[in-house]
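First residue of the sequence shown: 1, per the numbering used here; consecutive thereafter.
Worth flagging that the hints you see were computed from the coordinates, not collected in a lab. Even for Gly, the Cβ is constructed at its ideal location relative to N, Cα and C. It is possible that some hints are incorrect.
[Said to hold, decoys possible] Using 20 Å as the maximum straight-line C-alpha spacing, the simulated SDA-like pairs for lysine to any residue come out as follows: (1) K146 x W212; (2) K8 x F79; (3) K164 x E69; (4) K153 x Y163; (5) K34 x I133.
[Unchecked claim] Listed next, with one range per pair, are the computed distances between beta-carbon atoms: (6) I131 x K188: 20 to 28 Å; (7) Q199 x K41: 35 to 43 Å; (8) Y200 x F81: 22 to 30 Å; (9) V215 x T88: 29 to 37 Å; (10) D213 x P114: 41 to 49 Å; (11) G70 x I6: 50 to 58 Å; (12) K153 x K8: 44 to 52 Å; (13) I147 x F111: 47 to 55 Å; (14) F208 x E91: 37 to 45 Å; (15) K41 x E202: 48 to 56 Å; (16) A210 x S167: 23 to 31 Å.
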Amino acid sequence: MDEDIISKTIAFVKERLLNAEGGHDWFHTHRVLKNAQLIAKTENVDMIVVSLGALLHDIADSKFYNGDEGIGPKISREFLFKNNVDSTIIENVIRIIENISFKGGKENQKFRSPELDVIQDADRLDAIGAIGIARCFNYGGFKNRKIYDPEIKPNLKMTKEEYKSSSAPTINHFYEKLLLLKDRMNTKTGRQIAEKRHQYMERFLKQFYAEWDGVK
Numbered sequence: 001m002d003e004d005i006i007s008k009t010i011a012f013v014k015e016r017l018l019n020a021e022g023g024h025d026w027f028h029t030h031r032v033l034k035n036a037q038l039i040a041k042t043e044n045v046d047m048i049v050v051s052l053g054a055l056l057h058d059i060a061d062s063k064f065y066n067g068d069e070g071i072g073p074k075i076s077r078e079f080l081f082k083n084n085v086d087s088t089i090i091e092n093v094i095r096i097i098e099n100i101s102f103k104g105g106k107e108n109q110k111f112r113s114p115e116l117d118v119i120q121d122a123d124r125l126d127a128i129g130a131i132g133i134a135r136c137f138n139y140g141g142f143k144n145r146k147i148y149d150p151e152i153k154p155n156l157k158m159t160k161e162e163y164k165s166s167s168a169p170t171i172n173h174f175y176e177k178l179l180l181l182k183d184r185m186n187t188k189t190g191r192q193i194a195e196k197r198h199q200y201m202e203r204f205l206k207q208f209y210a211e212w213d214g215v216k
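All chains, please: the whole structure from these sequences, using the hints.
This is the structure in C-alpha cells:
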C-alpha cells in the first residue's frame, strides 16, 4: 500500500505541476522529497507521512493562487481521501502542508511534528545554496522584478501580508528570507547541510557586489 500510494502521488504531482514556474515545479518537489528522505534517516519519523507531505507540500503554492492558502490542503485532502489513505495520515499531511511555509518568518507556527520538522528543513534547503540562488532569480524574472536596486533597501520587519505582496528586487530576498534560513533549521542534518549552502550564498553576494561596482 505504501509504495502504491507513493507512486500514485508522484504521478498526480507531476501532472498537476506540468506547467509550473521553474522554481516550484516537479523537480523542486522531487528535490524536497530526496532531501526529506536523507534527513529522515537520522530522525524518528513516519516515512509515509514524510514522503506524502514532501510530495504534496507545493501542490498549489498560494503565491500562484492570489494568496489563497486553502487550495493546496483542499486538493491534497481530496486526493488522499480518494485513494483510501488512513485518516490519521491524511490529517498529519494536511497539517504539514498548512504549516510548512516561511510566511515572512514572523508568524507563530501553529503545529509541530517530527515529520514537519524534516520536510520544512528539506524545503528550506532547496531555497538556499546554488539551487536556491537559481530559483530566486528564476522567480524574480517570472515576476519581472529588478535584479538589484541600491536605493531599495531590504525590509527585515515585514508582516506576513507585506512579505506575500512584496515586489522588491531579487537581491533583497536574500536578506529578507534566504540568509535567515540557516538559523531556522529544525534538525541536526538540516543544520549541517544549510551551513555549507549558506556560505556559498555569502560568497555569491560578495562576488555580485564586486561585479556591480566594477571591481576587477
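For each hint, the structure was consulted:
Among the hinted pairs, K146 with W212 is consistent with the structure: their alpha-carbon atoms are about 14 Å apart, no more than 20 Å. At most 20 Å may separate the alpha-carbon atoms for a hinted pair to count; K8 and F79 meet this at roughly 10 Å. The hinted pair formed by K164 and E69 meets the criterion: a straight-line CA distance of about 11 Å does not exceed 20 Å. For the hint linking K153 to Y163, the alpha-carbon distance of about 14 Å falls within 20 Å, and the restraint holds.
Pair hint K34 plus I133 holds up; C-alpha atoms about 19 Å apart against a cutoff of 20 Å. Taking 20 to 28 Å as the suggested C-beta distance range, the pair I131 and K188 conforms, at roughly 21 Å. A hinted range of 35 to 43 Å is violated for the C-beta pair Q199 and K41, which are about 24 Å apart. With their beta carbons about 41 Å apart, Y200 and F81 fall outside the hinted range of 22 to 30 Å.
Against the hinted window of 29 to 37 Å, the Cβ-Cβ separation of V215 and T88 comes to about 58 Å, which falls outside the hint. Checking the proposed 41 to 49 Å range against D213 and P114 shows it holds: the Cβ atoms sit about 46 Å from each other. At about 25 Å, the beta-carbon gap between G70 and I6 misses the expected band of 50 to 58 Å. For K153 and K8, the hinted distance range of 44 to 52 Å is satisfied, since their beta carbons lie about 47 Å from each other.
Distance hint check for I147 and F111: the Cβ-Cβ separation is about 36 Å, which falls outside the suggested range of 47 to 55 Å. Checked against the hint of 37 to 45 Å, the C-beta distance between F208 and E91 comes to roughly 44 Å, which is consistent with it. A beta carbon spacing of about 28 Å between K41 and E202 contradicts the range 48 to 56 Å that was offered as a hint. Distance hint check for A210 and S167: the Cβ-Cβ separation is about 26 Å, which falls inside the suggested range of 23 to 31 Å.
Hint violations for this structure: numbers 7, 8, 9, 11, 13, 15, all remaining hints satisfied.
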